[in-house]
Structures are given as C-alpha cells and as structure tokens.
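Undergrad: Build the complex from these two chains, which are given one at a time in their own frames, with help from the hints.
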Amino acid sequence: MSQLLAVLIDGLIYSSWLFIIAVGLTLIYGVMKILNIAHGSLYALGAYSAASLAGYWINQGHAPMGSYAVMLVAAILVGLIAGPVIERGLLRFMYGKDEIVLVLVTYAVFLILEDFVKLVWGVDPYFLYQPYSLLGSFDIADLTYPNYNLVLFAAAVLIGVVVAWVLTRTRQGKMLLAVIHDREMSAAMGINVGRVYFITFTVGAILGALGGALTAPMISVQPGIGAETIVLAFAVVVIGGLGSLPGAALAAILVGLVRSAAVHYRPELDLFSIYFVMAIVLIVRPKGLFSIPEARKI
Amino acid sequence: MKRDLTVSILIGALIVLLLAGPLLPRWAMFLINVSLCYGLVVLGMMLLMRTGLVSFGHGLYYCLGAYAAGTLDVLFGISDIAVMLLAAIAATGAVSTLLALLLRKYRDIFFAMLSLAFSMILYGLLVKTSALGSSDGFNVAAKTLFGVRIAGTEFERYLIFAITVVTAFVAAICIHWYRGSHRGRLAEAIRDNELRVEYMGASVANTVHINYVMSAVLAGLGGALAAISVGHIDPEMAYWTTSGEFVFVAILAGTGNVLAPFLGAFIFETIRSFAYEYSPNTWQMALGISMLIVIMFLPGGLWSLFTRMRKTA
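First to last, the sequence lines map onto chains X and R.
Letter by letter, the first sequence follows residues 1 to 298 of the numbering used here.
Letter by letter, the second sequence follows residues 299 to 611 of the numbering used here.
These are computed hints drawn from the structure, not numbers from a lab.
As the structure is a computational prediction, the values presented were derived from the model and not from experiment.
There's no promise every hint is true.
To give an idea of the chain X side of the interface with chain R (calculated C-beta under 10 Å), a few residues [claimed, not checked]:
(1) M94
(2) Y95
(3) E99
(4) I100
(5) V101
(6) A108
(7) D115
(8) A227
(9) V258
(10) D270
(11) L282
(12) I283
C-beta: ideal position from N, C-alpha, C; glycine also.
For reference, chain R alone in the conformation it holds in the complex (with noise of 0.2 Å):
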C-alpha cells in the first residue's frame, strides 16, 4: 500500500496558492478562485456520487447559497463575507435537511427528477421577484471582512482569493477525512448494495441524509462564494442547465479523490474562458464529446488515470 499523499499535496497547494496569489496576473488569480468555488460544488456531487446519486438539481443549492449571501445586502444591510458565508451554510443546511426527508427515499432517476423539481421551483420564484432583479439578478459586494473595512482598498481581490482558498482546503481535508471514516466508507457500500447494509446494521437513510446535507452546504459555500468572487448572481445558477454543468464536472472528473473536483473545476473554467473567448458556439459540443469519451473510455473520470498510473508504477 503506497502512501496517501493527499493531504501534503493539499498543504502544498495552499501555501502555494497562498504565496503565489499576489503574483498572479488578475485573470489567472480569477480564474483559480472561480474554478475553486465550482470545485466546491462538485465536491459536493462527488459526495452525492459516492452513494450512487446523481442530482439534476444541485443549482438549488449553488443558487440558494448566492441568494443568501446576496439579499443580506439588500434587506438588512449587511455586507460582510464572515457573516454572507455563514448565511449561506444557515440557509443551505436548514433546506438541505428538510428537503433530505424527502429525497433520501428517493433513488436514480427519481432522485434526479425530484431534485430537478426543486431547483427549478427556486428558478421559477427567483425568475418573478422584481424586489431581487427578477430573471436580471443583482450585484452582490462584499464590503467588510470580520468587520474591517476591505472594499476600495488593494488587497481586496487577493483577500477574496484567500478566503476562497483556505474555505477550499478546509472543506477538501475536511470531506477527505470523512471519505475514510466509518460512515463515509458506507456511501460506496450503498451504492453497491442497500439491502446488505441495512442487514449489517448500518442505518441506509441516515447516511444519505448526512451525505445529502453535507453536499449541499458545500454548493451553498461555493455559490455564496462564486457571489461575492464574480459579484453578481442571477437565477439562472438554480437552471437545471448548471446543475448539468456540475454533474458533467463530476463525471468527468471522478470520485476516486477530493483533489479530483477541483482539478476538474480547473480545467472546466480554463477550457470555458477560452473557448468563450475563440469559439462561442462550438463549447457545448466539446463538452458533449468529451463527455461521451470519458464515459465509454474512462468511467472512474480523469482521475482514474492517475490511480493506474501508480499502479503500474
């Protein structure tokens, strides 16, 4: 058994990260903090993936997380991102939770069209509340952190960058620390097979409970996140096109490590910023192919080639 080096290459890439930051070009230090707060997300699929469930309504939570970030601004006045981010865990875990009574009973396409009912009954709402900009959305800034006064002054969008980082890491050692314990070891056994799990005294719904719960708090993190990074959230985050988007990350990345949704997220937002930029309308149709590849060709996602890689090593 080789050694697990993930959590020293998750050390690395944060003091790196960390360093590295005030060096970057504007652009590359925005496209790290927004592909960091997609990784967020789809560590959260990964989650969900992990116990044979896939969500087609995962931007419920992403949006849910924005919205609560954002519309503290807007109704109390509050705008600082200690506070923006605790409402978005708040607001996430407490829908989470409830609607989690509900979908653990629910398994594969079922869980994915209920789950894609909810999203779009959020999109459906936010699309007609003129008070939050309707289908426009609004702009979100972040003015104070822990109270000290941030916005106008340099470090902002390094601050912004940093916050994104370590909440990044922290929830990666977190989750990864969680994949190896008692009850995150259960997500693949019921993937394989509930009946067996129940009979080996392991309670199925409780841990797609806390599964479900854990994987949305991270979509709200990351859209709350990606709110105050990007600084404008619309409705469009709840459309069950970005919960595809998530779900297609997933894919192909894989659920072999928590590294892998970010490198994924990674390379989604660079191949996204450029092709934007050189060929609009030619994305989708990569990305649809690419798709089609890595299910025929790799099921275990980009990561599974790192795994055989050492393997044969």
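One chain only, chain X, in its complex shape (with noise of 0.2 Å):
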C-alpha cells in the first residue's frame, strides 16, 4: 500500500516538474510552429543563475527565505534577456521557412548556448541545496517528502492555470489564439503578429528559465542538464499534441506516473519507460493525444 502511495506521489511530483519545462514549448510551437531546441539552453541559463545569484544572496548572509524570490528574479531576468534577443536577432528572420529548418536553427542556438554556459560559469557543478531543504518536510503514511515538492506541485498549477486564463480570458490571449489559428486571417485583421511572437517567444523563454531556476536546488547544476531536459520535454510536448496546454498537463501527468511505477518496481526501465510512451501514443495517434484536425491548404 505504501508503495502504491510512494509511486502516487512521486509521480505527481514529477508530473509537476515534467509539467512546468514543458509548458513554455508547447507555447512557442502553438504559437509560433518552432519546436525550440535552445528550451533546453534556457532551461540550463535558468538554473545555472538562480544557483549563482541565490547562492550568492545566502552566502551574503540575507535571510536564506528570500532565495525563492531571488530564484525567481533570475529566472525572469534571463527570461527577458535570452528570449528577445534569440527571437529579434535571429528567429525572426528565419519566419516563412520549414518547419524542420526551424528546428536545425533553434539547435544551432542550442549548441551555441551550451557552449556560452561552460564560459561564463565553467564545467564545475553548483549547488544550492538551501531553499530545498529550508521548508522543512511533510509525512504521509511512513514516507517522507521535503515540502519544496509541494512548491514544485503549487507552481505547476499556478503556471497553468495562470496561461489557460490568460489565453481563454483576456483580449492579449484571445488574440493569441486567433493568431493560432490563422495567421494570414490575424494579420488581415489587424493584429500585430510580429508583436505576438515576441511576446511569446519572450514568455515561453522566461517559463524556460522559470523551469531551470525551480530545479535548481534539487540537482547538481552542471553541463549537460539542459540536453538531458530538452529531450524529456520534447516527449511530453510531443505525446500531448504539439502546442496543446491540455494536452502538455495530461501528458505530463502520464509519463510522470509511469516514470515512477518504472523506477519504484523495475528500476532498470527508467528512461525506457518515458520513451516508450511516447513511441506508442505516437504509433496510436501520430500527432499526440490532443491534436486539432487541420484542414489541408492547397
């Protein structure tokens, strides 16, 4: 029984990670039609500063509290400084090509920023355990779970349901959609879609970041964690239907469940177990569990 509750939870919690870095990349896509590589460089540009920033803020000697808030401004700082400057000094140019072409360009991004990473903070790891282990932890049954799981789970939520609102109940989002939905229709209309592009590419890159800067306490930030990420984010963006926010929560909820029975029961099937979801739901539905039915433009 316990067990069954361990894998409940575990899962639930990874579902939440899974949920918060894929969120920004089903954005961009739904939007934009760019599957984004360089998510997985942002993702790292996000850890790696708020493990620098709120490890310097502690070893300052403030008070270790006020390192969620640092963790946080980090992430919206990089947000707002990688995102602008990929899409206006690159991606934009590059609007109107194959889609594949854009997925090559947003890997040059990738590599080239996984290399600026290794410059500007070197190949050693980081740490910041504090803001981890700071909120104390809870029991259910005999297990026991540090409380920042339930920061992970509460901001997950909050982040989606933050952008299902925005996008269903706000003018900004309905264009959005509309823009989603038609973009030579939008254009024609009047909307800015460059300006929505920006905005987007700007947002998804800051939840990006936000997703690295979460994860930050809870890993060793070093090389290479924004491939192992962008990859995961990858199959669950892909398994819920590319630029569906239903779909990237179910999906993430999925892979998150089964993840956890994997490593709880058959701890060897880890890795295979996530990628075999997504084998089989693309076999089943080749464009994920909630994608909308195009009609062909000829």
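TA: Here it is as structure tokens:
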C-alpha cells in the first residue's frame, strides 16, 4: 500500500516538474510552429543563474527565505534578456521557412548557448541545496517528503491556470488564439503578428528559465542538464499534441506516473519507460493525444 | 552537360588512400579512418534528406551497429571483423525494416520525433544493462579477419584502415549508382510533391521504406567500423546529441553528391580533434555558428560551392 502511495506521490511531483519544463515549449510551438530545442539552454541558463544568484544571496548572509524571490527574479531576467535576443536577433529572419529548418536553427542556438554557459559558469557543478531543505518536510504514511515538492506542485498548477486564463479570458490571449488558428487572417484583421510572436517567445523563454530555476535546488547544476531536459520536454509535448496546453498537462501526468512506477518496480526501465510511452502514443495517435484536426490548405 | 567525375574521383581516392595509408602518421590514419566511419552514417542521412526526411534518431542505428559487432565477442566469443560487420548489417537491416513500417507514414517533425523516441529507447535500455557495461560501455577488440589472426600484428591498424576505406568506397559507389537510378531519383520528387508522385504511379511508401532501410544499414556499418577502429563503445552513441551531430554534418556537407558526406565528416572530425586540443569549451559554439551560416547563406551545403564554381567555369 505504502509503495503504491509512494508511486503516486513521486509520480505527481515528477509530473509537476515535467509540466513546468514543457509548458513554454508547447506554447511557442502552438503560436510560432517552432519546436524550440534552445528551450533546453534556457532551462540551463535559468538553473545556472538561480544557483549562482541565490547562492550569492545566502552567502552574503541575507535571510535565506529571500532566496526564493532571488531565484524567481533570476529566471525572469534570463527570459527577458535571452528571449528577445534570440527572437529579434535571429528567429524573425527565419519565419516562413520549413518547420524542420526552424528546428535546426534552434538546434544551432542550443549548441551556441551550451558553450556560452560553460564559458560564463565554467564546467564545475553548482549546488544550491538550501532552498530545498529550508521549508521542512511532511510525512504521509511512513514516507517523508521535503516541502519543496509542494512548491513545485503549486508552481505547476499556478503556471497552468495562469496561462490558460490569459489565453481564454483576456483580450491579448484571444488575439493569440486567433494567430494560432490562422496567422494570415489575423494579420489581415489588424493583429500585429510580429508583436505576438515576440511576446510569446519571451514568455516561453521566461517559462523555460523558470523551470531551470525551480529545479536548481534539487540537482547539481552542471553541463549537460539542458540536453537531458529538452528531450524529456519533447516527449511530453509530442505526447500531448504539439501546441496543446491540456495535452501537455495530461502527458506530464501520464509520463510522470509511468516513470515513477518504473522507478519503484523495475528501476532498470527508468528512461526506457518514458520514450516507450512516447513511441506508443505516436504510433496510435501520430500527432499526439490532443491534436487538432487540420484542414489541408492547397 | 559536363562529364560526371564522381566515379573517377572515388577510384582515385581509393587508390591514394590504400597506398598512402602505411606512410601516414598514425594520428592522420586514425583521423581519416574515423571520418570515413562518420561519413558512412552521414551518407545514410543524405539519402533520407533527399527524400525530405530529417531523422533526429539515427544514432539508433549507429549504436545498434556498434553493439551488434561488440556483443558478438561478449556473448559468443566471436571477434572476426567480417562476421562483426555482417552482424551489424543484419541487426540494423532487420530493425529498420520493422520500424520503417511505422515511420514511412510520418513526415517532418513527427518523423524526427518518432525516430528520436526509438533511439532514446535504445539509449534508456543500454544505460541500464549492466551486462554490457551500462553507461560506461565496453571495449571492443577485433582479433581476426576471415579467420586470419590480425590482433597484435604490425598491420593491425592498417588493415582496419584499409577495410574501412574499401567499405566506404563500395558504399559510395553503390549509393552513387542508386542516386541515378529510377528509384533513387524518386526521392527528390517525393520531397517536392508526394501527391504527384503517387499520381504518376510510383509508390511513395515503398521508396521511403527502401531509403530508410538503406540509410539505417549505412549507419550500422559506420557504427560497427567505428567500434572496431576506436575499440570502445558506449550508449552515448544512441543519445540524441549524437544524432544531432549527424544532422549537422549532413546539413554542412549538403546532399549534392556522394562525396559530400565524406568531405563534411572529414572537416568535422578534423575541427573536432583540434578543438578538443585547443579550445574544448567553445567548440560547440563554433559548430552552432557555422550551422547558422550554412542554413542562411548556403542552403545546399558546402558542396553547392563546388557546383557553383563548375557552373561559372
């Protein structure tokens, strides 16, 4: 019984994490039709800046509780700088090219940023453990979990709700949905598509960096975390249906639970289980769970 | 129409490499050897790209070929180069024939993602297989060639080099011929407009299937030869960044000619070995920047520089 409970709780925690790293990716794809590999680097940038800034904050003897705010600020700063630089400086010259070419362009950005991270932060790992243990822990049955996991879960729910609310309830969000539905027609109706792209990419970048910042206290921040994370985010986004927010949420829960079950019962199938689910879903539903049927334009 | 010099250049390169091999310093021979292995994989990528498909999971076959060759020794104590290469061909051929039944229906990003999923499945399995060294992999040693012992002899390095050169030559000649054949020419038509190809009475699915299996077998051969030449294999060969490198080299080289992948692989490996030496932390950055330059200014890859020169000449 307690093992089943552990599977469920671990699964939910992992799902929250997966959703946080995937939501920016699916948003950018939905609006811009760009499968952004550089999302992995934004994640890494967020993790590195959070680890170094919050570490600095704590070492300076400021109140440790403030480190959460510092992590948040670090992520937003990264997104606000890197997002516009990538979109204005590079991607806007590429719109209209094949989707697969855009993937390659973001892959190039990913390679550049990977080394940028190494140049700025070096290759030694960073540890930011304080925020993880600071909040104490809670017990369920005879299992102990750090309260930080609740923060992760709350962050995932909050991000999901806010993004969904903005999309469906605000003027800006509705304009965004119009652009997703038909780019040319919305441009003809007077929506500034360039601006929508710019804002979407920046928000997506902030979400990516936020994923990294929230993860930083739970891992050792070192080169390669971006590459590791982006394939997981791909798996989630592709399973859910590219560009679908509810799809990403459902896929995160599905993958989170399957992986947690694998870790508890058959640890050797850990990574395998994730990509196995991805392959099965793609085979059964080639465009993911929540894909929208598309009218073919001739 | 100018005469096609590809076959003459290939034969020339074969003779020069085989004769010059013993005279080359060891590092140069090794560099060429590894580039040829890499070139074989990229040759396969080129076949797919001509069909309009970009696979972010070709590391699957690179790794599978290497492990098929390597596990023969672990499981059955067989370490004959010829048998190892045959095993790689058989394993990659069988797996790709099956997977192509699914993959041939997918295009664009979905093709890239499903192949990525398959390669990560292999990666996930190998990382946790302690009998095969988990994430550390294991050492591969080829001891005989057609039953004749080569391990420990002074020709060992050169023989492996010569086998790689000959394999690459045969593969290049075959693919060059295939590119000019009826089915080979269909690839580009499929990239341009599938519907029309179907209307003309050709089967898109079959062509994609055949090209996919051929490219997988080439990648498997490249992987097996790399395993034999380098002497070590690990699951990283199936990781998505390895597949990304193949895509990179294929874009860099262009799909214009069978020589392009080998040239691209050679440039790539040369830069890599020097970059590891002098500036290990900016090497990917250089890759990324050159990739952007190629995508923006040279959509046909480096090879299009040659064809442009020939046109103006």
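Undergrad: All hints, please: hold or fail.
TA: Evaluation of the provided hints:
This hint holds: X/M94 has a C-beta 8 Å from the nearest C-beta of chain R, less than the 10 Å allowed. Annotation: X/Y95 was flagged as interfacial toward chain R, and the flag is violated, the nearest CB pair being 13 Å apart, outside 10 Å. Because the beta carbon of X/E99 sits about 5 Å from the nearest beta carbon in chain R, less than 10 Å, this interface hint is met. The interface hint given for X/I100 holds, since its Cβ lies 5 Å from the closest Cβ of chain R, which is under the 10 Å cut-off.
With 10 Å as the threshold, the beta carbon of X/V101 comes within range of chain R, its nearest partner Cβ sitting at about 7 Å, so the hint holds. For X/A108, the shortest C-beta to C-beta distance to chain R is roughly 4 Å, which falls under 10 Å, so the interface hint holds. Satisfaction of the interface hint for X/D115 is found here, the shortest Cβ-Cβ separation to chain R being roughly 4 Å, below the 10 Å cut-off. Because the smallest distance between the Cβ of X/A227 and any Cβ of chain R comes to about 6 Å, under 10 Å, the interface hint for this residue holds.
Restraint check, X/V258 versus chain R: the minimum CB separation of about 13 Å is more than 10 Å; hint violated. A least Cβ separation of about 7 Å between X/D270 and chain R falls short of the 10 Å threshold, and the interface hint therefore holds. At a threshold of 10 Å, the smallest CB-CB gap from X/L282 to chain R is about 5 Å, leaving the interface hint in force. The closest approach between the C-beta of X/I283 and any C-beta of chain R is roughly 6 Å, which is under the 10 Å cut-off, so the hint is satisfied.
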